[in-house]
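Student: Sequence:
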Amino acid sequence: MSASEAEERAQFTLAMRAKGIESIDLLRALERVPRALFMPQRFADLSGRDIALPIGCGQTSPPPSAVAAMIAALDIQPTDTVCEIGTGTGYCTALLAQFAKEVVSLERFQTLAVEAAARVRAFGLGHVEILWADGFEQRSVRRRFDKVIAHGIVVPPAREFLDLLAPGGAMVASLAKAGAAHRIVRLTLADDGPVRIADYGRARGLRPLERGLSRAL
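Counting in the numbering used here, the sequence shown runs from 1 upward without gaps.
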């Protein structure tokens, strides 16, 4: 790593701290996974900034601080299996892989899924699987996970995604609320059935999740 790259990463870490990211483990993960490696080349010079970036197929990659806040809310343990809804460029996928035992990521756009899988392989993450799949369809994975993260706004009660959870599992997403700002929430599936909801603040840079597969736009 060159001196300039080290300085850029240090500045990036300070910016994340300023946005409220306090976990040392998460800050270290953000340092280990350079965003520039997972963004389209034409935006590489902007990847160190805390802004959303277009990634193709009419989609955007949220600001890193927003991604980090969702990962912090998920509270991943080393033995956890994680399902990600909306792979995008694979940046968050690579961050999740710094904490989880296994990550299965679903992307509805084939173009994005193929590109993200190539980036993840190049980064050397052998415990990550990226699928061209509709996150609304459980048959895409046919299993349950300890944690689920959805990069989009979901409509309560979000059963399509809660059904991906093992008992005691948790999901983080943006919950749609009529007439109110969308919020990042953690939904925990209690062993006896009820769902507990914890609020983690206002959502940024997320759109409603869409159904169906698409090769590209």
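Derived by calculation from the structure, the hints in this document are not laboratory data.
Ideal Cβ positions, reconstructed from N, Cα and C, are used throughout, including at glycine.
There could be a bad hint or two in this list.
DEER-style ranges, computed between Cβ atoms [as the list claims (entries may be wrong)]:
no.: 1; residue 1: Pro-157; residue 2: Asp-75; range: 17 to 23 Å
no.: 2; residue 1: Glu-7; residue 2: Asp-163; range: 27 to 33 Å
no.: 3; residue 1: Asp-191; residue 2: Ile-24; range: 17 to 23 Å
no.: 4; residue 1: Glu-31; residue 2: Pro-78; range: 36 to 42 Å
no.: 5; residue 1: Gly-168; residue 2: Arg-42; range: 28 to 34 Å
no.: 6; residue 1: Asp-191; residue 2: Glu-7; range: 14 to 20 Å
no.: 7; residue 1: Val-195; residue 2: Phe-136; range: 37 to 43 Å
no.: 8; residue 1: Arg-215; residue 2: Glu-5; range: 31 to 37 Å
no.: 9; residue 1: Pro-78; residue 2: Val-141; range: 19 to 25 Å
Student: Now look at each hint and say whether the structure bears it out.
Tutor: Status of the hints after comparison with the structure:
1. The beta-carbon spacing between Pro-157 and Asp-75, approximately 22 Å, falls within the hinted interval of 17 to 23 Å.
2. Restraint check, Glu-7 to Asp-163: a C-beta distance of roughly 46 Å breaks the suggested window 27 to 33 Å.
3. Range check, Asp-191 to Ile-24: about 31 Å between beta-carbon atoms, so the 17 to 23 Å window is missed.
4. Between Glu-31 and Pro-78, the C-beta spacing of about 19 Å breaks the proposed range 36 to 42 Å.
5. Checking the proposed 28 to 34 Å range against Gly-168 and Arg-42 shows it is violated: the Cβ atoms sit about 43 Å from each other.
6. Asp-191 and Glu-7 have their C-beta atoms about 48 Å apart, which leaves the hinted 14 to 20 Å range violated.
7. Taken as a hint, the range 37 to 43 Å is violated for the pair Val-195 and Phe-136, whose Cβ atoms sit roughly 18 Å apart.
8. Taking 31 to 37 Å as the suggested C-beta distance range, the pair Arg-215 and Glu-5 conforms, at roughly 36 Å.
9. Restraint check, Pro-78 to Val-141: a C-beta distance of roughly 21 Å satisfies the suggested window 19 to 25 Å.
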